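Chains as they are written, first to last, in the working numbering: chain D, 1 to 169; chain X, 1 to 169.
Any given hint could turn out to be false.
All copies of an identical chain are treated as equivalent in the list; a pair is satisfied when it fits inside any one copy or across any two copies.
[To be verified] Think about it this way: if two alpha-carbon atoms lie no more than 20 Å apart in a straight line, the pair counts; the simulated DMTMM-like pairs of lysine to aspartate or glutamate are:
(1) K164 x E22
(2) K32 x D55
(3) K142 x E108
(4) K19 x E131
(5) K145 x E114
(6) K145 x E108
(7) K145 x E101
(8) K31 x D118
(9) K19 x E161
(10) K145 x D118
(11) K12 x D55
(12) K109 x D149
Bear in mind the hints are in silico, worked out from the structure with no lab data behind them. Note that this is a predicted model, so its numbers are computed, not measured.
2 protein chains.
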Amino acid sequence: MSTAVQQNLVSKNEQYASKFTEGNLQSPPAKKYAVVTCMDARIDPAAAYGISLGDAHVIRNAGGNARDALRSLVISEQLLGTTEILLIKHTGCGMLTFKNEDAHAVVEKNLGAEAKRDLAGLDFQPFPHLEQAVEDDVNYLKAHKAIPDSVKISGWIYEVESGKVRSVV
Amino acid sequence: MSTAVQQNLVSKNEQYASKFTEGNLQSPPAKKYAVVTCMDARIDPAAAYGISLGDAHVIRNAGGNARDALRSLVISEQLLGTTEILLIKHTGCGMLTFKNEDAHAVVEKNLGAEAKRDLAGLDFQPFPHLEQAVEDDVNYLKAHKAIPDSVKISGWIYEVESGKVRSVV
Chain D
1 MSTAVQQNLV
11 SKNEQYASKF
21 TEGNLQSPPA
31 KKYAVVTCMD
41 ARIDPAAAYG
51 ISLGDAHVIR
61 NAGGNARDAL
71 RSLVISEQLL
81 GTTEILLIKH
91 TGCGMLTFKN
101 EDAHAVVEKN
111 LGAEAKRDLA
121 GLDFQPFPHL
131 EQAVEDDVNY
141 LKAHKAIPDS
151 VKISGWIYEV
161 ESGKVRSVV
Chain X
1 MSTAVQQNLV
11 SKNEQYASKF
21 TEGNLQSPPA
31 KKYAVVTCMD
41 ARIDPAAAYG
51 ISLGDAHVIR
61 NAGGNARDAL
71 RSLVISEQLL
81 GTTEILLIKH
91 TGCGMLTFKN
101 EDAHAVVEKN
111 LGAEAKRDLA
121 GLDFQPFPHL
131 EQAVEDDVNY
141 LKAHKAIPDS
151 VKISGWIYEV
161 ESGKVRSVV
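Start from the sequences, fold in the hints, and give me the full structure.
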């Protein structure tokens, strides 16, 4: 039995594929850049950040976190030729609303001690200040030896209330 | 001096924001699901997978990798109320084209021994077989104690040549 979510995927994808004309795009991003942003449901990176199909890698995780993105960024640059990173966090981010110990407590309450133990070493990587988190992540990437100085890195905030992006660093 | 990529972000975002009307969406995904897919530039998840703004978390990394997505998925489910995961890998994935030792060798050649040392413990998580990788990642999530059995998980392949999605598991 397929779920409503699976049925939505299949039916909407049929419409998309019926009009699809971009099957000849190449794997390396045409505009040679990577975007790191949050998994938040209110963000549509292609539309909000102006990314045409084939132009850029888009890496998304909880918080638009640079550490989580490192493996992907090294592959993006060293194997697929990108030379620039846009790191874009956003207002109203869930990561502003809890601390590590809160998340671990929720896991234990909902899923039991065994699940909590399996995640014992996990840093959920919440952050208390949005602008500071953008700066910290940009600095982390700039300092990392696997991201060469030739890679241009900038930090931004997307406002889910207005749809606007603004520069941070 | 801003780059062409930054100028594109600013100018395209101005157009997007000028027509933006969805500033009242809530943080928890309205349709309570999360998508895990690849960072590949040829994928536009909102369009290809039929995700309306506000409906789903979208997690993207090199390969649509479940292990990399675990932190984000636990936050998605335990803190933001999602109950279903679509894991969608794709044809022509870069992760099919190299082995871990190849990636580490490229890092050493391009960036030197210090960078290679800093990434010594990193598994780039390439995979040799696409369908098998989808099954393996679905099984990994199903077996993980932090993803409860009540979470529905399915695995899919997106064809970058045709724009079509097909069910795997």
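Next on the checklist: Please sort K12 with D55 into within, between, both or neither, judging by C-alpha distance up to 20 Å.
Outcome noted: This pair counts as between: shortest inter-copy Cα distance 14 Å, intra-copy 23 Å.
Item to check | Copy assignment of K109 with D149, given that the CA separation must stay at most 20 Å | outcome: Only across copies: K109 and D149 sit 16 Å apart there, 45 Å inside one copy, limit 20 Å.
Item to check | 20 Å Cα threshold - placement of E131 relative to K19 | outcome: Classified as neither; 41 Å inside a copy, 26 Å across copies.
Checklist entry - Given identical chains, is K145 near E114, meaning Cα to Cα at most 20 Å, within a copy, between copies, both, or neither? => result Answer is between; shortest inter-copy Cα gap is 7 Å, intra-copy 36 Å.
Next on the checklist: One pair to classify: K31 and D118, alpha carbons no more than 20 Å apart. Within, between, both, or neither?
Outcome noted: neither (40 Å within a copy, 28 Å between copies)
Item to check | Status of D55 relative to K32 across identical chains (alpha carbons, at most 20 Å) | outcome: within (7 Å within a copy, 29 Å between copies)
Item to check | Alpha-carbon proximity between K145 and E108, which holds within one copy, between copies, both or neither at 20 Å | outcome: between (37 Å within a copy, 11 Å between copies)
Item to check | Up to 20 Å CA-CA - E161 versus K19, copy category | outcome: For K19 and E161, the Cα distance is within 20 Å only across copies (12 Å; inside one copy 32 Å).
Item to check | Homo-oligomer pair classification [E101, K145; C-alpha up to 20 Å] | outcome: Between. Shortest inter-copy distance 18 Å satisfies the 20 Å Cα cut-off; intra-copy 31 Å does not.
Checklist entry - When no copy is specified for K145 and D118, does a C-alpha distance of 20 Å or less occur within a copy, between copies, both, or neither? => result between (30 Å within a copy, 7 Å between copies)
Item to check | Copy assignment of K164 with E22, given that the CA separation must stay at most 20 Å | outcome: between (28 Å within a copy, 12 Å between copies)
Checklist entry - Between K142 and E108, at a C-alpha cutoff of 20 Å, which is it: within one copy, between copies, both, or neither? => result between (36 Å within a copy, 18 Å between copies)
The structure fails hints 4 and 8 (numbered hints given earlier, in ascending order).
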